Every structure is written in structure tokens, then in C-alpha cells.
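Asks: Taken in order, these protein sequences are the chains called A and B.
Its first residue numbered 1, the first sequence is counted upward by one per residue in our numbering.
Its first residue numbered 115, the second sequence is counted upward by one per residue in our numbering.
Think of the hints as simulated: they come from the structure by calculation, not from any bench.
Nothing here was measured: the structure is a model prediction, and the numbers come from that model.
Backbone N, C-alpha and C fix where the C-beta goes; we use that ideal spot for every residue, glycine too.
Fair warning: there could be bad hints in the mix.
[As the list claims (entries may be wrong)] Residues from chain B shown here face chain A by an in silico Cβ test under 10 Å; the list is partial:
#1 I160
#2 E166
#3 G170
#4 S187
[Unchecked claim] Covered by chain A, according to a simulated footprint, are these stretches of chain B (three or more residues, beta-carbon under 8 Å):
#5 176 to 184
#6 203 to 214
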Amino acid sequence: AQSVTQPDIHITVSEGASLELRCNYSYGATPYLFWYVQSPGQGLQLLLKYFSGDTLVQGIKGFEAEFKRSQSSFNLRKPSVHWSDAAEYFCAVGASTGANNLFFGTGTRLTVIP
Amino acid sequence: ETGVTQSPTHLIKTRGQQVTLRCSSQSGHNTVSWYQQALGQGPQFIFQYYREEENGRGNFPPRFSGLQFPNYSSELNVNALELDDSALYLCASSLAAGRGETQYFGPGTRLLVL
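Could you put the whole structure together from the sequences, leaning on the hints where they help?
Replies: Here it is, written out as C-alpha cells:
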């Protein structure tokens, strides 16, 4: 069965510092992987997605993620964090059969300090 | 292009009541998925509708039911509300129901059951 683990519940970084949010997945074949961001009281906005091909994926707002099959990971990175990046970040894996639903991790809350 | 919209934004119900939540999918999208996001958790898949038919269901009891209309908008109905049904309910639409199709989320409906 598919599942996603986000080991870090809460991360605090200084504005301008680099960021890496961890995501590990469980999946039997080549996964479809996604990162979404959720601002307080808002829905989810897609940052980036991985289906196949190049393992380094570029997304919106300067984010990127790297798919590492050997580590079952899909970590999200940003070289320089802005105060507006403070939000909740969710990693998700697409279902392998049936509906194309998503299995989400529990999220990582990012706090940015000035 | 109009994104995914949901109504109402908030509502309060009492235990045992019934509730209907509404979702308008993004233009051109024929697939709608519903998710429940409890406080501090990632979204959990409730069910998906593709061209007016249920296309898959998560681990939710039958008192959670839905509809999709010819214009691809959708409703989520919950009967016999329980306190644990208090959550943010998210609707997502996609171009089709194939694996890996990107899901675009609405802002959600926050339901409080007293």
C-alpha cells in the first residue's frame, strides 16, 4: 500500500537560509510524487510533481525536489527562503490502482524568522 | 480561467444532523475528488467522481456519499454527523481520472460539529 512519511513536524529557518523538507514514500513501482503547500485557512497549491525522467524537478516559487529511488525519498529544497514561504507543506504519492487519488503525509509546518 | 470553488466556506452543525457541501470544478475538468483534513493532519481521500460515476472510495463509512452533475460540479453529503467529522473538507478537480493527473484543490469548507 502507498504511504508517505514526513519526519519533520515543524521546521524553523531564518529568512535567506536554505531549506530542505524531507519526504519518504512507500510504493511498489515508479511513483507519481507531488509537493503541495497550504497557507493558513487555504486550500492546497501544487508546487511541483514527479512522474518520470529527470530526477531533479523544478517547481514554482523557486522550489525544487529530487527523486531518489534508492532512498525512497522526494525531498523539497529551496536555496533561499522568503518570509512568505511560511506555510504547511505536504508531500503526496499518487495511487497505483483505481482512482487517481493522493496519499498525503502529515505535513511539515515551516516557520520563517526574520 | 476559474479555479475550483467550494461552498460554504464555514458551517456549524450539531451531532446527528446532515450536511451538504458543494464544489465547482475547474473549467474543462471532468473528475472531482473529495478529501477530509482533520486538524494537524494531511488530507485523507474520501471518494472520487469521474463523469458522474463514483470512481473510487477511501476508508469512509457509507454515511459519506456524493454526487457529480452533468456540468461536473459535485456534492459531498454526510449523514448522522459525528463530532469526529469536524474537519476541513477539500475538493480537487483534474482533467481526467488517469494515474498521475494533477489535482487542483479548492479553498475548502470548514465544518464544525457540536
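Asks: Does each hint hold? Answer for all of them.
Replies: Hints, verified against the model:
For the restraint placing I160 (chain B) at the interface with chain A, the shortest Cβ-Cβ distance is roughly 9 Å, inside the 10 Å limit, so the hint holds. The interface hint given for E166 (chain B) is broken, as the beta carbon of that residue sits about 14 Å from the closest beta carbon of chain A, more than 10 Å. Hint status for G170 (chain B): holds, given a least beta-carbon distance of 2 Å to chain A, under 10 Å. Interface hint at S187 (chain B): violated, since its Cβ lies 16 Å from the closest Cβ of chain A, which is beyond the 10 Å cut-off.
Taking a C-beta to C-beta cut-off of 8 Å, the segment 176 to 184 of chain B contributes 0 residues in contact with chain A, too few for the three needed, and the coverage statement is violated. By the rule of at least three residues with a Cβ nearer than 8 Å to a Cβ of chain A, the coverage given for the segment 203 to 214 of chain B holds, with 7 such residues.
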